[in-house]
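Residue numbers (numbering that gives the first Met the number 0), protein chains in the order written: chain A, 0 to 188; chain B, 0 to 222.
Don't read these hints as lab results, they were simulated from the structure.
From the three backbone atoms N, C-alpha and C, an ideal C-beta is built for every residue, glycine too.
Just so you know, not all the hints are guaranteed correct.
Cut-off 25 Å, straight-line C-alpha distance, at most; resulting in silico cross-link-like pairs (SDA-like, lysine to any residue) [claimed, not checked]:
| id | chain 1 | residue 1 | chain 2 | residue 2 |
| --- | --- | --- | --- | --- |
| 1 | B | Lys26 | A | Gln50 |
| 2 | B | Lys214 | B | Arg19 |
| 3 | B | Lys214 | A | Gln50 |
| 4 | B | Lys26 | A | Arg151 |
Okay, the calculated beta carbon distance ranges per label pair [as the list claims (entries may be wrong)]:
| id | chain 1 | residue 1 | chain 2 | residue 2 | range |
| --- | --- | --- | --- | --- | --- |
| 5 | A | Arg93 | B | Pro17 | 28 to 36 Å |
| 6 | B | Ile115 | A | Pro72 | 53 to 61 Å |
| 7 | A | Pro34 | B | Leu36 | 42 to 50 Å |
| 8 | A | Leu96 | B | Trp205 | 18 to 26 Å |
| 9 | A | Arg94 | B | Val159 | 14 to 22 Å |
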Amino acid sequence: MTEHSDEPADLESLMRAAQDGDKAAYRRLLREVTPMIRAAVRRHRHFLPLQDIEDLVQDVLLSLHAVRATYDPARPFHPWLMAIARNRIADSGRRHLRSAAHEVAVEEYPETFAYDATNHVGEGYGDPQALRQAIEKLPHGQRQAVEMLKLRELSLKEAAAASGMSVGALKVAVHRAIKALRVTLHAER
Amino acid sequence: MTVETDHLIERLADEAAPVRRLRHPGKRAAIWLALSLPYVALVAYVHGLVVDVPSFLSDPRFMIEEIAALATAIAAGYAAFCTVVPGRNRAVAWLPLIPLAVWLASIGKGCIDDWIRLGAEGLEVHVDWMCIPPLAWIGILPAAAMVVMLRRGAPLMPWVTVALGGLAIGALTNAGLQLFHLGDTSIMVLVWHFGSTALLAALAGWLGPWIFRWKMVPRSSDA
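Only chain A is shown next, with the shape it has when bound in the complex (with noise of 0.2 Å):
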């Protein structure tokens, strides 16, 4: 196992020791390289925000993970580094290429329609004390049939074994309750 030192590292024996499972030599070498990487991206790509750079870091990163097989320990490292660092800098200027020829730059989103009712912000009750009111002043039955269909999502067949009415009475009481629900929540409003 390799420890890390303050010496300079021998990149070829780390990425040798790493190749053989090591991973403390990974970890070494690849505190080593980000450096270099991070210094080739800026030299490329000096215009792009730093998180961008960052990004394109750790995608080089994880390419050299996924191809470190075809690393030769005969040969020099940093040709090999390289020339990934390289590769995916230019393929990650080929995706914005590609991105940027199908985009078209708005200053403003249009909505989608311009009535009220399509522009509400959120959906649902809003207000969770008036519907839970609403619903304690429901007749027994509705309450009970809204309780266990829609609170506590029972199904049909469980609900009606639990409370003993019919199924075709549970759907009636529901669709009644929900009816009732929407007309004392609407006049609130």
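Keeping the supplied structure of chain A fixed, place chain B upon it in accordance with the hints.
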């Protein structure tokens, strides 16, 4: 170093299992040939095709074509395996052009000879359906072996790599098939043998990015 990059390094190091190093591209090309050549011979034998050795040896132009096709297969295979190793000289991708030019020049000379000898009849092209099944069968194993072996490398230039692989497969299968089609005119060899090789290389190159892409672990451990 950002926190995310630091975490990624930790994760990659923790997940790093021992890997089997890729052999030298020359050795890999030799392995591919060692797998493919006996198979080509076996399929040809199963199809009842017999080599006409005396005709083969008595025709120097045919021998040049045969050797050039085989050399194209070897050079293209070697170049394909070189292009999947980062840091190797990319100019090696041009290497197969030398035997390919010799192969094409020899077929071209054959076309002129046939035209002088037979007139317009020597340049007639007709469809030979009989050679298509053996051609397809002959290509299956070399193609499968090539795809599996290439995908162990780095997809640095997938169009070029897979086109070179396609050229190697096409040239090898046609070198095998050519042995059993001694009577063909050069125009037939040009259109069907050389043409199918060129078409396979072009099609393979077009499909390259789909066949051969980066196989990376997810960026975050919870992805």
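Structure-based check of each hint:
1. B:Lys26 / A:Gln50: Distance of about 42 Å is beyond 25 Å: violated.
2. B:Lys214 / B:Arg19: 16 Å, holds
3. B:Lys214 / A:Gln50: Judged against 25 Å, a Cα distance of about 23 Å means the pair holds.
4. B:Lys26 / A:Arg151: Violated - the C-alpha atoms of arginine 151 of chain A and lysine 26 of chain B are around 67 Å apart, more than 25 Å.
5. A:Arg93 / B:Pro17: 28 to 36 Å: 33 Å, holds
6. B:Ile115 / A:Pro72: 53 to 61 Å: Taking Cβ atoms as reference, isoleucine 115 of chain B and proline 72 of chain A lie about 58 Å apart, which means the hint holds.
7. A:Pro34 / B:Leu36: 42 to 50 Å: At 48 Å between Cβs, range holds.
8. A:Leu96 / B:Trp205: 18 to 26 Å: For leucine 96 of chain A and tryptophan 205 of chain B the Cβ distance comes to about 20 Å; the hint holds.
9. A:Arg94 / B:Val159: 14 to 22 Å: With a Cβ separation near 19 Å, arginine 94 of chain A and valine 159 of chain B satisfy 14 to 22 Å, so the hint holds.
Of the hints listed earlier, those the structure fails to meet are numbers 1 and 4, in rising order.
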